[in-house]
Amino acid sequence: MTAFAPLNRRSFLKTAAAGLSAATVLGRAGRALAAEPINFATWSAAVDTVKSHIGAFEAKTGIKVNYTNSPWAQYRETMITKFIGKAPVDTLWVSDSWLPEWADAGWIAPVDQYKTLVDNSDVDQFCVDSMTYKGKQFGNTYYSDYMAFIYNADMLAKAGIKAPPQTWAEVVDQAKIIKDKGLAQWPVLISMAQESWLIEFMTAMVYSSGGHFTDDKGNAVMQDPANGAGTALRWLVDAVQKHKILSPSCVETGELAILKAFSSGDNAFGLIPKYRLRTLNDPAQSKLAGNAKIALMPKGEKGSNATVGWMRFYGMTPRAQADAQRAADTVKLMEWFGGKADGEYKFQKMLFKDVGSGFGQKSLFNDPEIRAGYAAYGDVDLIGKQQSLARKKDVVTPWFGEWNDVNGTAWQQAIMGKVSVEQALNTSAAKWTELKKQS
Amino acid sequence: MTAMPTTPPPAIRHYRAHSPLRRVGRGVALAVASVLFVGYVLAPIAWLVSSSFQNEREIISKPPHWIPDVPTLANFSAIFAAKDKAVTYETRKSADPASGGFIPSTATNLLPAMLNSFVVACAVVVLNLLVGVPAAYAMAKIHFRGRQASIYVILATRVIPDIALVVPFFLFIRNLGLLDSLWSLIITYLAVTVPFSVFVLVSYFESLPDELDKAARVDGCSRLQTLLRVYLPLARPSLVAVILFAFLASWNEFLLALMFTQTPASQTLPIIVASFTSDFTISFSFINAAGVLAIIPPVLLALVFERYIVSGLTAGAVKG
Amino acid sequence: MTSSAVGAATPRLRGALSYDERAALLFVAPLAAVLLAVAVFPILYSFYISLFSLKLTRPGRMPFVGLDNYVAVLSDPHFWLAVERTAYFSVLSVAAIAVLALLVALLLNEEFPGRRALGAILLVPWAIPYVANALMWKWIYDSNYGALNGLLYQLDFINSYMVWLGDADKTLPLIANAFVWKEVPLAAILLLVGLKTIPPDLHAAAKVDGANALRRFFHITLPQLTSAFSLVVVYETMMAIRHFDLFFILTEGGPGDASHVVAWRIYVETFRSLSFGTGAAMAYVLALATLALAYAIIRMLARRI
Numbered sequence: 001m002t003a004f005a006p007l008n009r010r011s012f013l014k015t016a017a018a019g020l021s022a023a024t025v026l027g028r029a030g031r032a033l034a035a036e037p038i039n040f041a042t043w044s045a046a047v048d049t050v051k052s053h054i055g056a057f058e059a060k061t062g063i064k065v066n067y068t069n070s071p072w073a074q075y076r077e078t079m080i081t082k083f084i085g086k087a088p089v090d091t092l093w094v095s096d097s098w099l100p101e102w103a104d105a106g107w108i109a110p111v112d113q114y115k116t117l118v119d120n121s122d123v124d125q126f127c128v129d130s131m132t133y134k135g136k137q138f139g140n141t142y143y144s145d146y147m148a149f150i151y152n153a154d155m156l157a158k159a160g161i162k163a164p165p166q167t168w169a170e171v172v173d174q175a176k177i178i179k180d181k182g183l184a185q186w187p188v189l190i191s192m193a194q195e196s197w198l199i200e201f202m203t204a205m206v207y208s209s210g211g212h213f214t215d216d217k218g219n220a221v222m223q224d225p226a227n228g229a230g231t232a233l234r235w236l237v238d239a240v241q242k243h244k245i246l247s248p249s250c251v252e253t254g255e256l257a258i259l260k261a262f263s264s265g266d267n268a269f270g271l272i273p274k275y276r277l278r279t280l281n282d283p284a285q286s287k288l289a290g291n292a293k294i295a296l297m298p299k300g301e302k303g304s305n306a307t308v309g310w311m312r313f314y315g316m317t318p319r320a321q322a323d324a325q326r327a328a329d330t331v332k333l334m335e336w337f338g339g340k341a342d343g344e345y346k347f348q349k350m351l352f353k354d355v356g357s358g359f360g361q362k363s364l365f366n367d368p369e370i371r372a373g374y375a376a377y378g379d380v381d382l383i384g385k386q387q388s389l390a391r392k393k394d395v396v397t398p399w400f401g402e403w404n405d406v407n408g409t410a411w412q413q414a415i416m417g418k419v420s421v422e423q424a425l426n427t428s429a430a431k432w433t434e435l436k437k438q439s
Numbered sequence: 001m002t003a004m005p006t007t008p009p010p011a012i013r014h015y016r017a018h019s020p021l022r023r024v025g026r027g028v029a030l031a032v033a034s035v036l037f038v039g040y041v042l043a044p045i046a047w048l049v050s051s052s053f054q055n056e057r058e059i060i061s062k063p064p065h066w067i068p069d070v071p072t073l074a075n076f077s078a079i080f081a082a083k084d085k086a087v088t089y090e091t092r093k094s095a096d097p098a099s100g101g102f103i104p105s106t107a108t109n110l111l112p113a114m115l116n117s118f119v120v121a122c123a124v125v126v127l128n129l130l131v132g133v134p135a136a137y138a139m140a141k142i143h144f145r146g147r148q149a150s151i152y153v154i155l156a157t158r159v160i161p162d163i164a165l166v167v168p169f170f171l172f173i174r175n176l177g178l179l180d181s182l183w184s185l186i187i188t189y190l191a192v193t194v195p196f197s198v199f200v201l202v203s204y205f206e207s208l209p210d211e212l213d214k215a216a217r218v219d220g221c222s223r224l225q226t227l228l229r230v231y232l233p234l235a236r237p238s239l240v241a242v243i244l245f246a247f248l249a250s251w252n253e254f255l256l257a258l259m260f261t262q263t264p265a266s267q268t269l270p271i272i273v274a275s276f277t278s279d280f281t282i283s284f285s286f287i288n289a290a291g292v293l294a295i296i297p298p299v300l301l302a303l304v305f306e307r308y309i310v311s312g313l314t315a316g317a318v319k320g
Numbered sequence: 001m002t003s004s005a006v007g008a009a010t011p012r013l014r015g016a017l018s019y020d021e022r023a024a025l026l027f028v029a030p031l032a033a034v035l036l037a038v039a040v041f042p043i044l045y046s047f048y049i050s051l052f053s054l055k056l057t058r059p060g061r062m063p064f065v066g067l068d069n070y071v072a073v074l075s076d077p078h079f080w081l082a083v084e085r086t087a088y089f090s091v092l093s094v095a096a097i098a099v100l101a102l103l104v105a106l107l108l109n110e111e112f113p114g115r116r117a118l119g120a121i122l123l124v125p126w127a128i129p130y131v132a133n134a135l136m137w138k139w140i141y142d143s144n145y146g147a148l149n150g151l152l153y154q155l156d157f158i159n160s161y162m163v164w165l166g167d168a169d170k171t172l173p174l175i176a177n178a179f180v181w182k183e184v185p186l187a188a189i190l191l192l193v194g195l196k197t198i199p200p201d202l203h204a205a206a207k208v209d210g211a212n213a214l215r216r217f218f219h220i221t222l223p224q225l226t227s228a229f230s231l232v233v234v235y236e237t238m239m240a241i242r243h244f245d246l247f248f249i250l251t252e253g254g255p256g257d258a259s260h261v262v263a264w265r266i267y268v269e270t271f272r273s274l275s276f277g278t279g280a281a282m283a284y285v286l287a288l289a290t291l292a293l294a295y296a297i298i299r300m301l302a303r304r305i
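Chains as they are written, first to last, in our numbering: chain A, 1 to 439; chain B, 1 to 320; chain C, 1 to 305.
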């Protein structure tokens, strides 16, 4: 044994060195075998579309991707549990609402050092602004959209109503006519369930009523009778309690339930993300196909046709950035999805075709396929006009998540008649001010 | 009329003095009560099972179809289906999961989660027995200082609500890097199961005669041998009861598993099932099928070992 | 239960004093170690954390605040509202459980064919996981397609489908119903065991004295059941106060804050607002309250024995 030992050790070391160099030279296949997959977390939208695109990515680059998805309605809670539990996540979808909170907590990291990701030459300014915090950019665009006002053209025709409502007061009148004619028990569908969408439904109502949640300096004005959220909340409360055109179960009804309900043709008016128009007008998925139409957001008394716009982006975690190889691979994946794949905006177009999603790339607005796609279920100019009136949420701050829970509960209580509109908004404003002071 | 009270056999005791009319009345009352009882207990479950055999179109009927017109096994086969095959640009479903009837990709995690639950439950049971049986024997049979107080202290630990345990456990286990491992569950479940196990075992051991102990000692057995050879075989009902309780408590536990498991690698069955209930894209019939799957193992276990539960709990209070 | 055996001294063999105690120590050591690690340690560590301000969104800053967290929790009106809701839920549940379990136990105490089968059926709700229970009831209560709506509609009790869980006034009773359904079996078994310990002579003697079934029930059965009843009440109250699973799955504290019970608040504070300091303080307050309540109930019921 000992006689051979020195010989064995030397030859062992030689073999080991040869083996190591061979491994590094092996390239793609070797890397795929040795490395952990890139962990890509999303919410469960367009699952098959994402899967197909991942498949193409893996085939082309040999980098394995571990794709997980969870319901959008509780996405923030799910991801936060993962973050504090140090679960492996490399890239993920992020809503513009959470950018300050997650950036400050160190759960997502700036990506300015990856030049391909921050090449914004073809990106809508609205999207760029939404992805930027404290002067740094935190990812590239996934999709962008706005809250739309839709109506059931068939039901309106049956009720003898010539044109969709222009103001929220008209919504009440037309809804009453429809209800009296027995065409719908609850003509209006608006989701007020405590889930990720809630802030966007609220903000659409608030903006179109001419109000705000906060002022330019970020102080709470939601409780201000003049330009706060009072008009919007009051409309909702009256719709439920007084006019009975909106079901009290709206506090339990999420956006998906709204989609399902509207597509069965039982309601007349609703608020829904614009991209849902595609699903609502698809005969395979909706009974209302051909009759789900978009109208400009009704105006409040002192309001406008303004609505809320949002964008979601691909974020990157510090964990991914810690290792150079992993970072490079993750950037490749983010590029593949949020930028160009094989020279074209493949994922964005698939998303639009499958799900009707909007996008952040300016050049795609003029793409003939895209325009034709929109024309199939909506007035392209109207869609564009509403888009131009879409504004960013004014509550995006590091304490948004915590305030959102309290605000949502307060609105729900007002709608259920447990507290007055003033009380609800005061509670909400107090929480905002308290959190702002603490930060 | 009635004879002097000389403890007659139970069966005759009830019928002896009653006229046929009262017997019939009693029979009817019992039958009605039994039907109500069975209805109360089984009707919700029957509805769960019925829903799991309906397809998506049927399950959203108003009013509901109590018995499926077109029963289907599709929901269950989705759970047992092999790993999903690759999706390409050509084969992708363009319908958004939002339109419902969606079988989530996490469906394939149900069976591995069942395995996790099973592994954790078995480990917890074994540890319960290893830790609980010697201690119960000692507390019941050996007269040592602090023995009275200790049983109360042990029970008192269960008064603390689980949610109060989660915070310290979470931070501690996280710093150990044990989050997302089955061990974190096994260890924390001991806190949930051991006190009750010890309580049951002590009660049962106390009901066993002390003379056996003395006899065994006279024969030269050590304490350990006394325990293993004399008391353990006698304590079988309580052992089975402890196994059952510990297994079910582990299998059904939710809060701690929710906090400590991050990925399907360690997630237990309740977590996976819970993830379905909050996702509105998922088909209702699939959710019900997952529910049925979740209840089959514990119900089977309980039914098989049913008679040990009562006897394990009574601990000699009822003689014979 | 077996109090008679407790006081009996184990006969000591010559020179076995220290041997006994050594053996006892050895046998109890694993248990003590386990409980110290998983029960005592968390309780102490939890108190330690509650003295700091620890927010996981600001990792790195953990200032010592002493009892400030407790002051914040106890002076928060929302906390007391949650206590109110918890109390309402618990009282409702325990009352229902006590009544239903007693009826079931009385039924199962009778001798009749099929009794064994009924006893087995009784175990089914107890065996299933709370998650499955929640899922089942959530589907039954569903506003659009649920069985409750369907049944009432078919029986003509209602004209159109109603909102159940989303109606703030109905939320807690509905959750309580789901909770009661699952808890009745264990309570019934405990009461059944109590029923079986009643000496039959008592009933026979009373019958001789001319007492009918109802009087026998109130004057013999119920008093004899006191200790079993107290066990059931204490245990179920503990379970109801701390219950979390149903609230998480059925309503997530909603609608509004109709089902924001203390356990839910602790979860939200800790894992959504990520404020571990105040979450720990709240959990501690709940733990202490639970201990005090258990003690109070035991004392109150023990006096009546």
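No lab work stands behind these hints, which were simulated from the structure alone. Mixed in with the good hints, there may be bad ones.
To be verified - Okay, derived cross-link-like pairs now, DSS-like style, lysine-lysine, Cα gap no bigger than 25 Å in a straight line:
(1) K62/B to K179/A
(2) K86/A to K176/A
(3) K134/A to K179/A
(4) K431/A to K418/A
(5) K340/A to K62/B
(6) K93/B to K60/A
(7) K134/A to K170/C
(8) K362/A to K349/A
(9) K436/A to K55/C
(10) K287/A to K214/B
(11) K418/A to K170/C
(12) K287/A to K62/B
(13) K170/C to K62/B
(14) K181/A to K93/B
(15) K242/A to K55/C
(16) K302/A to K349/A
(17) K93/B to K349/A
(18) K64/A to K62/B
(19) K55/C to K431/A
(20) K62/B to K51/A
(21) K353/A to K62/B
(22) K86/A to K55/C
(23) K302/A to K385/A
(24) K346/A to K62/B
(25) K244/A to K62/B
(26) K244/A to K170/C
(27) K437/A to K55/C
(28) K302/A to K51/A
(29) K299/A to K242/A
Claimed, not checked - Listing some non-contacts, in silico: residues in chain A with all C-beta distances to chain C over 12 Å:
(30) E58
(31) A73
(32) D129
(33) A289
(34) K299
(35) S304
(36) R326
(37) K349
(38) F365
(39) A410
(40) E422
In this text the structure is predicted, and so the values were computed from the model without any measurement. For glycine and all other residues, C-beta sits at the position ideal for the given N, C-alpha and C.
Tested hints:
1. K62/B to K179/A: 21 Å, holds
2. K86/A to K176/A: 53 Å, violated
3. K134/A to K179/A: 50 Å, violated
4. K431/A to K418/A: The hint holds at about 19 Å.
5. K340/A to K62/B: 47 Å, violated
6. K93/B to K60/A: This hinted pair holds, its Cα atoms lying about 22 Å apart.
7. K134/A to K170/C: 46 Å, violated
8. K362/A to K349/A: 13 Å, holds
9. K436/A to K55/C: 15 Å, holds
10. K287/A to K214/B: Not OK: K287/A and K214/B at ~81 Å, beyond 25 Å, violated.
11. K418/A to K170/C: Roughly 14 Å separates the two Cα atoms, so the pair holds.
12. K287/A to K62/B: Answer holds: K287/A to K62/B is near 17 Å, not above 25 Å.
13. K170/C to K62/B: 22 Å, holds
14. K181/A to K93/B: 39 Å, violated
15. K242/A to K55/C: Violated - the C-alpha atoms of K55/C and K242/A are around 43 Å apart, more than 25 Å.
16. K302/A to K349/A: Roughly 38 Å separates the two Cα atoms, so the pair is violated.
17. K93/B to K349/A: With Cα atoms ~15 Å apart, K93/B and K349/A stay inside 25 Å; holds.
18. K64/A to K62/B: 46 Å, violated
19. K55/C to K431/A: 17 Å, holds
20. K62/B to K51/A: With a Cα-Cα distance of about 35 Å, the restraint between K62/B and K51/A is violated, given a limit of 25 Å.
21. K353/A to K62/B: 33 Å, violated
22. K86/A to K55/C: The hint holds at about 16 Å.
23. K302/A to K385/A: Since the Cα atoms of K302/A and K385/A sit roughly 20 Å apart, the hinted pair holds (cutoff 25 Å).
24. K346/A to K62/B: 42 Å, violated
25. K244/A to K62/B: Roughly 23 Å between the alpha carbons, so the hint for K244/A and K62/B holds.
26. K244/A to K170/C: 20 Å, holds
27. K437/A to K55/C: 15 Å, holds
28. K302/A to K51/A: 46 Å, violated
29. K299/A to K242/A: 20 Å, holds
30. E58: 34 Å, holds
31. A73: Given a closest Cβ separation of 10 Å, the condition is violated.
32. D129: At roughly 23 Å from the nearest Cβ of chain C, D129/A sits farther out than 12 Å, so the non-interface label holds.
33. A289: Given that every Cβ of chain C is farther than 12 Å from that of A289/A, nearest at about 21 Å, it holds.
34. K299: 29 Å, holds
35. S304: Holds: least Cβ distance 30 Å, greater than 12 Å.
36. R326: 22 Å, holds
37. K349: 35 Å, holds
38. F365: At about 37 Å from chain C, F365/A clears the 12 Å cut-off, so the statement holds.
39. A410: 8 Å, violated
40. E422: Holds: least Cβ distance 17 Å, greater than 12 Å.
In terms of the numbered hints stated before, the structure departs from hints 2, 3, 5, 7, 10, 14, 15, 16, 18, 20, 21, 24, 28, 31 and 39, listed from lowest to highest.
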